[in-house]
Amino acid sequence: MDRFSVDQSGTTTAQTNDGAVMTNVAVWTPSDETAFENARSATVFTRIGTRHSPDELKVVLDATPTVKQTFCLSVNNVLLIFSDNIESHRADVRAVLTMLQENSMKADPRDCVWDAGEATDAGIRLEQVGEHKAYMVVNTGRPGA
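Take 39 as the starting number for the sequence shown in my numbering and just add one per residue.
Don't read these hints as lab results, they were simulated from the structure. Errors might be hidden in some of the hints.
Within a straight-line C-alpha distance of at most 30 Å, the following computed DSS-like cross-link-like pairs (lysine-lysine) qualify [to be verified]:
hint	residue 1	residue 2
1	Lys106	Lys96
2	Lys144	Lys96
3	Lys106	Lys144
4	Lys171	Lys106
5	Lys171	Lys96
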């Protein structure tokens with residue numbers, strides 16, 4: 039069983055059974071049951087790196103009803119938007135960018151990946167935790183950075 043800890047900066051670490059330590063990890067357990075299936079069946083992914091803390095992102099995500107767990111999750115200072123088609127994906131990305139702008143938050147262009155075909159192509163690894171409707175979300179960094 040993995041052991042998780044969170045330091046004061048909000049960085050989550052997981053220690054696996056073999057002793058390896060992973061940083062930039064979050065456990066995502068969406069309250070909306072469709073979110074889990076949406077992430078699993080998504081075909082388009084966008085990574086938006088920000089210049090803000092995980093706590094700051096959580097506050098604006100919780101306060102923005104148009105940005106839902108059904109298409110967006112966060113790990114560290116990164117937002118991952120996922121959709122099953124490019125048209126809805128563009129609308130979802132627009133909603134996230136509008137949320138950032140309306141809250142005077144900034145994206146980090148050097149930490150963004152647009153319209154990737156897999157979450158891993160956007161620098162995020164999603165791993166189902168056991169039989170539960172939860173993902174371990176690993177921020178592996180923007181590919182090629």
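Hints versus structure:
1. Lys106 to Lys96: The hint holds at about 12 Å.
2. Lys144 to Lys96: Holds. Lysine 144 to lysine 96 sits at ~15 Å (cutoff 30 Å).
3. Lys106 to Lys144: Holds, at about 19 Å.
4. Lys171 to Lys106: Holds, at about 17 Å.
5. Lys171 to Lys96: Distance of about 20 Å is within 30 Å: holds.
Figure legend: structure checked against the earlier numbered hints; every hint is met.
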